[in-house]
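Asker: Letter by letter, the chains look like this.
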Amino acid sequence: GGAATANNGNPQGKRFKIGVSIPAADHGWTAGVNWWAKQAKELYPNVDWVIDDAKSPDEQIADLQNMQSQGVDALVILCTESAPITPIAKKLHDAGIMIVNVDRGFTEPVADVFIEGDNKSFGRKSAEYVAERMGGTWDKDHTTLSGAHGNLVILRGISCTVDDDRFNAGMAVFRKNPKINIVSVQRGEWNRETADKAMQNILTANPKIDAIWAQDDDMALGAENALKAAGREGEVWMLGGAGMKDIVKRVMDGDKMFPADITYPPSMIAQGMAQAVSILQVGKDKALQFVPKHMMLDVDLITPDNAQKYYFPDSIY
Amino acid sequence: TKEKGDFDQVELARMMVGREIGDFYPPKRAQRSGEPLLEVKGASVAGFVQDAGLVVRPGEIVGLAGLIGSGRSELAEAIVGARKLSNGTVTLEGKKVNINSVKDALRLGIAYVSEDRKGTGLHVDLDVVANTTLANLRAYCHPLVSAKLQAKRTEEWKRDLDIRAGDLRADVTFLSGGNQQKVAVAKWLDTKPRVLILDEPTRGVDVGAKREIYNLIQRLADEGMACIVISSELPEIVGVCERVIVMREGRVMGELTGDEISEENIMLRAAGVAA
Amino acid sequence: TKEKGDFDQVELARMMVGREIGDFYPPKRAQRSGEPLLEVKGASVAGFVQDAGLVVRPGEIVGLAGLIGSGRSELAEAIVGARKLSNGTVTLEGKKVNINSVKDALRLGIAYVSEDRKGTGLHVDLDVVANTTLANLRAYCHPLVSAKLQAKRTEEWKRDLDIRAGDLRADVTFLSGGNQQKVAVAKWLDTKPRVLILDEPTRGVDVGAKREIYNLIQRLADEGMACIVISSELPEIVGVCERVIVMREGRVMGELTGDEISEENIMLRAAGVAA
Amino acid sequence: MKKFFQDYGVLVALLLLVVIDVIANGWGVLSAGNIILLFNQNAYVGMVAVGMTFVIMTAGIDLSVGSMVALCGAVAVLALNKEAGNHASDSTAIFIACLASLGTGAVAGALNGVAIAYGKVAPFIVTLAGLAGFRSIALVLGGSGEIRSQVTSFGDLGFGGIKVGLFHNASGLPITIYWSLIAFIGTALIASFILNYTRFGRYMIAVGSNERAANYSAINTQTVKVAAYTLIGVMVGLAAFFNAARMNSVGTGSVGSFYELDAIAAVVIGGTSLRGGKGRIWGTVVGVVLLTLISNMMTTLNIDTNWQGLVRAAVILIAVLLQRGSKANE
Amino acid sequence: MKKFFQDYGVLVALLLLVVIDVIANGWGVLSAGNIILLFNQNAYVGMVAVGMTFVIMTAGIDLSVGSMVALCGAVAVLALNKEAGNHASDSTAIFIACLASLGTGAVAGALNGVAIAYGKVAPFIVTLAGLAGFRSIALVLGGSGEIRSQVTSFGDLGFGGIKVGLFHNASGLPITIYWSLIAFIGTALIASFILNYTRFGRYMIAVGSNERAANYSAINTQTVKVAAYTLIGVMVGLAAFFNAARMNSVGTGSVGSFYELDAIAAVVIGGTSLRGGKGRIWGTVVGVVLLTLISNMMTTLNIDTNWQGLVRAAVILIAVLLQRGSKANE
Ligand SMILES: Nc1ncnc2c1ncn2[C@@H]1O[C@H](COP(=O)(O)OP(=O)(O)OP(=O)(O)O)[C@@H](O)[C@H]1O
Ligand SMILES: Nc1ncnc2c1ncn2[C@@H]1O[C@H](COP(=O)(O)OP(=O)(O)OP(=O)(O)O)[C@@H](O)[C@H]1O
Ligand SMILES: [Mg+2]
Ligand SMILES: [Mg+2]
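Chains as they are written, first to last, in this note's numbering: chain A, 10 to 326; chain B, 443 to 717; chain C, 443 to 717; chain D, 35 to 364; chain E, 35 to 364.
This is chain A alone, in the form it adopts within the complex (with noise of 0.2 Å):
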């Protein structure tokens, strides 16, 4: 089996079979992960790729069970959510099966490599952005950040580890916060007629709110459809996340709604899979030696003032 040859190194140049299995591209930064993974199927054309995408937990087990029935040597799996995704994970790791963990992460360390990114620094930056924007200064050796008021609604993603450490350590630089008022937390599940539909019922609720950390700009889209729908535009602006192009673009041409974003690539779905290729190529027992088993992307502010740098008109995302 493939699985043995694997890990003996690949001395005949034999050719890999690599899954990967990602969520389907229900919204605006899922489509960039489909798309960048077909993008990096192209520049390995030596390794037999199945990529399938799902819907549903039931669907990406059954398409993990699939790739295992034909042989893969290693997976990259991006989880639709993380907990029912875990045992599988785990099973098909027993089975000998190289596993890179891309995203959002097993409850479980079942993963050879894991790639993610920084969601507590996500998480952090973001809501710091938010609170001085609303009035936080920062203490002197800038450790912490506190004065911060005024009415905030959050928006939260699909139930899964990154949306639990982006939330968590969101809140914890809110809490030093407490002049700011949350006035309401719902989920948007990361997409745009969620978000617009939570926020639509927010905002009759809420005659006055002052920002929206939208975490997401799929979501940020989605409320803004809202806020223009109560004829409410004018008096709210909003962090969202990703790094969306149009919303960069907004960014750096200084829209008052989106006075800064944040970065979250899509395109470290190929990372997994260039790393997936390079554990195989030299042999996995061997590359595991000296791999970091977590790797973390950290994440950058997006303002008027760097947003050039972040600007790629031609990407999908």
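Hints are computed from structural coordinates only; laboratory data are not their basis.
Here the structure is a predicted model, which is why all the values come from computation and not from measurement.
Please note: incorrect hints may appear among the correct ones.
[Stated by the list, open to error] Computed far set for chain B versus chain D, every beta-carbon distance over 10 Å:
(1) 474
(2) 603
(3) 715
[Stated by the list, open to error] Below, a list of computed lysine to any residue pairs in the SDA-like style, where the Cα atoms sit at most 25 Å apart:
(4) 600(C) <-> 233(E)
(5) 526(B) <-> 249(D)
(6) 545(B) <-> 249(D)
(7) 116(E) <-> 170(A)
[Said to hold, decoys possible] Quick list of the computed label-pair ranges, beta carbon to beta carbon:
(8) 58(E) <-> 117(A): 28 to 38 Å
(9) 62(D) <-> 144(A): 23 to 33 Å
(10) 51(A) <-> 336(D): 42 to 52 Å
(11) 303(A) <-> 123(E): 28 to 38 Å
(12) 174(D) <-> 291(A): 30 to 40 Å
Backbone N, C-alpha and C define an ideal beta-carbon position, used for all residues, glycine too.
For chain A, the structure is supplied; the task is to place chains B, C, D and E with the ligands on it using the hints.
Answerer: Chains B, C, D and E with the ligands only, in chain A's frame:
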């Protein structure tokens, strides 16, 4: 009009009792001659009818007799396009016509009042007005449906056919069998047909209403309508029709006119003993 | 047995023609005396029946006559628990019984063969075996349903009632009206009832099968079953029953026995002229 | 009394909810701004529900509407971008996108109708297949992701409408009655008109009440059914067009999800029977408003939105139980 | 010939797909490993589909099964964690979780059944309400997110089963027949047994074929209906239990979504008529396998999964058209 109703019933009961058929059924009419209005030749319906033919003249009441399952309904349904005629020709006023749907038949002036009131004859969940004006709905549109005109015309039919319905906006399911039958007949008379086929017109109908229906059929014929009456009740066929076609197992076994029309002669043909 | 069938029909046709009622209907039976098996008193069904009562003795054939809509079916349905009895008592062998469902009636040995074969009497989409054994299905379970036993018993009923069905595994919808009726009767006879209520047992049934059904009713009565026959056909009531109860607008208008039983007498009561 | 509830129970329920809303949130909820917002929110499902009333009246059902919204939207935005790419003016491009959406809806609906009327397959099954199939085509068109419009003014259309200078919202801005809301109201009015004043309306009722009898009454039942499904398709196309404008894009994987359930719920709450043969457009409109009001109230009362489904379930059941036995319901 | 297709068309379709699969992917697809995998994957929807066959046979429908999967799973995992928290042994906790799941399913199903049988509300409406209501309760239980099991061996159960030493998968490991698959097969066998050998089975058919006539034949139709809905509830509970184990958690917002559509599709493809009165369990099982095979093949053939819905729609329509006019279908 409770008293009147009561009186009618007494009279009717006596009639039935005395078997004064001459009184119960309308007076026998003379046989008509003249050009046929509707002529069916060599009609077949897969599995039901084989090579059947019939002729009706304006003003004539033709009976279609036979045992249950002898294919009379199927023949009638095929004539009006509710069933596929696998073979045969239909001629109207000497011209061959193609009837592929009930709508075609309606346009040509051939109407069929079905034997199965609840299943195919009426919309029992709809009101009297809706039922009465359904087949001829086009006539109530210029171009929008005029509910007023519908109500007016239905009121007229109610009076004309003596339909006993308290509320014309009540569902027909609440009417008695006889009155339901009258609504079904009204629906088709409203299309001003030249040929009217009545299938078991008195099934599930009370004695009183039965007699009214016999009178109605005769009146329509007198006004020049060509009527075909399908019935499994021999006295009815004998009492109402001036010409009788007898079917058996999908085939026409014979035709009786004038004095030949008797329960005996019909029965012998329906059973396949005589032809 | 095509020849036999043909011969039967000829004979039947002649009978009908000659109105040899004495031959068509089974010989008149003597009136029974003895303790009542089933007794209904002061029965009311909201909107349909008011204060109606009747009595049947073992071996008796009681007719329930009346115009359509006179509430006979509703009374029968209330007796077997298919309808709510709003008032009144049912006594079986002198003991008052409570019947709240058809199941209760079945347990007590009262069976009702409905007038509406397609709607309530049979499962026309199921096969003959399933229909015949449905009401008494419990008897085919020890504890699992024995298809073999079902088939065997159905075969017996087929022979016994002369049900003409080629394939007992074919849906009953493919049977003729008369044979469908026989299946419905078999279903209830299979529950070994002591009281059998037949509602319009010959509606939509051919002459030949009609006669068989009359013979069957008499045979059952002779074996001691108490039979109630609801019918709108007066000759049938007169020909088959030795006692007749006449209803009108939900009330019992009178009871006729022996020579009193005539179409005339029934009609007068059904119309409310005599009592 | 019972009859009153059977006929107007849904109105009573709506009134009751409004009273609760006023008690809980003050008179403000009855402000023109809030009411128009409420209607604005439900315009999309509303249009679909009006069409659904028709097919349910013919004793049918359409489970495919949600996927059809995605398909129509995808075609509309693709057409829009193509026209814009061909240097058509914005308004021309938008007009063509609208036609494309309506046309796609009409074709998809007609396909359903033909399979039901001529293929003689149960509506539930045909439109279940449509639910899978139309979404699939939309996903293929969208490369499984979203299709973004390249015409900014298309997005503006989603928020354009008639500004009502008289009324102002909480922020003091004049209220806008969106084009989508106007389309919804127009759709409902036209539907009522069709139902009450045209032969087609009567024919749909006759087909739903008893198809065989309709056939025997010289009605071309197949044409009537195809027309009913085509009509809901057009209404879905309209809803999809405005929905796409509002998002200025179409998320082919998610847009329209569960529209079928919302629409059917609204129709049923409104007192139209799934058995067919009876239906009322105003009931459906009230049903749509009722459902929107519930979700609106749950937010304003700060009730966990997770409870929303349970409240919705209760409302559906109560509405149907109240109306049980009425002419309009089973 | 026509009759043959009507009765066994679904088998022919399955065979055809298998032949295509073999041509495209080689004989390997017929390996025991692959076949068992196929079955392993569809066990969850399979159990639900078997229960669905029952309710559809009674001329009913159950749209609430997907939400019920979430509800049962949520209750199961909560019970599991509570027991584990009370220092019960893992196996005790798992056993109690299983009972909790089955019990919740039974209660939820019985509620549906009572509303349908005694409330006399159409099954479509009642279970539409259930679809909204059960999901809502699950969400409330899960705080809108997922509930994670704190018992590792529960997760192991999800991929545990009987190891078949004879067969090996591509990686050379012995094939496992999961417990869930065994439960599915058991469910199907028991269901066939109930259908063919018990009074209850015959009564369901009688009720579905003609409810009034069943009533007149001394059948307590209300009990039969409540039992049928309770039964599907139990099967949903079983599916939910194994599904929760496999994911060692329950995503209350997403788990079970669209199970109702998959299950109904499988039943319909399998030749059971939505009109009721006829049904076959083996057909449903074949339907489930067919649907899984399609998605399996689309992956192995590297076809864009977006096309899957369209293929599925085509299969549903073709299956129903082939079987049209058969005793089992309408
Ligand atoms: N062989 C049979 N197969 C199926 N149904 C039959 C058969 N014989 C009689 N019937 C039933 O009897 C009814 C009447 O039969 P059919 O319509 O074929 O004959 P008909 O000559 O038109 O009789 P009628 O005048 O009573 O309508 C039908 O509704 C049908 O259900
Ligand atoms: N006033 C009425 N309201 C509703 N239906 C009626 C009425 N009168 C007669 N019918 C119809 O006639 C049929 C017979 O009526 P019903 O059952 O009440 O009386 P019955 O005495 O039992 O007559 P039968 O012996 O024909 O069954 C019913 O099926 C019903 O549809
Ligand atoms: Mg007939
Ligand atoms: Mg009756």
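Asker: Quick check for students: does the CB of residue 715(B) sit more than 10 Å from each CB in chain D?
Answerer: It holds; residue 715(B) is separated from chain D by about 35 Å at its closest Cβ, greater than 10 Å.
Asker: Holds or violated: 28 to 38 Å for the Cβ distance of residue 58(E) and residue 117(A)?
Answerer: Holds - the Cβ-Cβ distance for residue 58(E) and residue 117(A), about 37 Å, lies within 28 to 38 Å.
Asker: Does residue 545(B) pair with residue 249(D) here, judged by a C-alpha cut-off of 25 Å?
Answerer: The hint holds at about 9 Å.
Asker: Note whether the CB distance of residue 174(D) and residue 291(A) lies within 30 to 40 Å or breaks it.
Answerer: This hint holds: roughly 39 Å between Cβ atoms.
Asker: Given the range 23 to 33 Å, decide if the beta-carbon distance of residue 62(D) to residue 144(A) lies inside it.
Answerer: holds (29 Å)
Asker: Taking the minimum C-beta separation from residue 474(B) to chain D, is that value above 10 Å?
Answerer: Label holds. Min Cβ-Cβ 28 Å, cutoff 10 Å.
Asker: Just to be careful, I want the Cα atoms of residue 526(B) and residue 249(D) compared with a cutoff of 25 Å; is the pair within it?
Answerer: holds (14 Å)
Asker: For the range 42 to 52 Å, tell me whether the beta carbons of residue 51(A) and residue 336(D) fit it or not.
Answerer: Given about 51 Å between the Cβ atoms, the range holds.
Asker: The hint says 28 to 38 Å between residue 303(A) and residue 123(E); measuring C-beta to C-beta, is that right?
Answerer: Holds, since residue 303(A) and residue 123(E) (Cβ atoms, about 35 Å apart) stay within the stated range.
Asker: Under the criterion that the straight-line Cα-Cα distance not exceed 25 Å, is the pair residue 116(E), residue 170(A) satisfied?
Answerer: OK: residue 116(E) and residue 170(A) at ~23 Å, within 25 Å.
Asker: Is it the case that residue 603(B) keeps its Cβ farther than 10 Å from each residue Cβ in chain D?
Answerer: holds (18 Å)
Asker: Is it true that the CA of residue 600(C) sits at most 25 Å from the CA of residue 233(E)?
Answerer: The given pair, whose Cα atoms are some 23 Å apart, holds under the 25 Å limit.
Violated hints for the displayed structure: none, as all numbered hints are satisfied.
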